[in-house]
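K.L.:
Sequence:
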Amino acid sequence: MRHNKKFNHLGRKAAHRGAMLSNMACSLIMHKRISTTLAKAKALRMYVEPLLTKAKEDTTANRRLVFAELKQKEVVSELFNNVSDKIVNRPGGYCRILRTGFRLGDAAEMCIIELVDYNENMLKEAKKATKKSTRRAGKKTAAKAEEVAQEAPAQEEAQA
Numbered sequence: 198m199r200h201n202k203k204f205n206h207l208g209r210k211a212a213h214r215g216a217m218l219s220n221m222a223c224s225l226i227m228h229k230r231i232s233t234t235l236a237k238a239k240a241l242r243m244y245v246e247p248l249l250t251k252a253k254e255d256t257t258a259n260r261r262l263v264f265a266e267l268k269q270k271e272v273v274s275e276l277f278n279n280v281s282d283k284i285v286n287r288p289g290g291y292c293r294i295l296r297t298g299f300r301l302g303d304a305a306e307m308c309i310i311e312l313v314d315y316n317e318n319m320l321k322e323a324k325k326a327t328k329k330s331t332r333r334a335g336k337k338t339a340a341k342a343e344e345v346a347q348e349a350p351a352q353e354e355a356q357a
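Just so you know, we're using the working numbering here: the sequence shown kicks off at 198 and counts up by one.
Every clue listed holds true.
Once the Cα atoms are required to be at most 20 Å apart in a straight line, the calculated SDA-like pairs of lysine to any residue come out as: (1) K203 - G215; (2) K237 - G290; (3) K239 - R300; (4) K270 - N259; (5) K251 - F264; (6) K239 - F204; (7) K210 - K239; (8) K324 - L312; (9) K270 - E254; (10) K268 - N278; (11) K237 - P247; (12) K237 - C292.
Hints listed in this document are in silico derivations from the structure and should not be mistaken for laboratory results.
Make the full structure from the sequences, and use the hints.
P.N.:
Below is the structure:
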């Protein structure tokens, strides 16, 4: 029975799956964005986010734990030197999955998985959205109410 076993095996043996996720994690860290199927992206997110959390604290023990998973020196140094600086204040959720449609050959659902703090386009839109100010109806009606209140005594004096 499969009680409480939510792991997606992706149709592979454990060694093949581990190697594939390790290579995909290395590509994601180096390129900051990769295109893959939705099932692989969800499995990769579960694999890489604990590694990113370990990278927030730069210790020898954490470097060794991450290197044991990724097995590439350049990727580990990139992760601890550059990526960790951007994610140090983020409490979690380092990856974003954007669905892109279906693949023509087998109709597999495709997506882009990316590191959240490296998408400059979305960061610019978020900054613009925070700078935008809206005019509230309450302020406008309060100003009109004051004008009407000031004009009312002047009209009464003119009538008298």
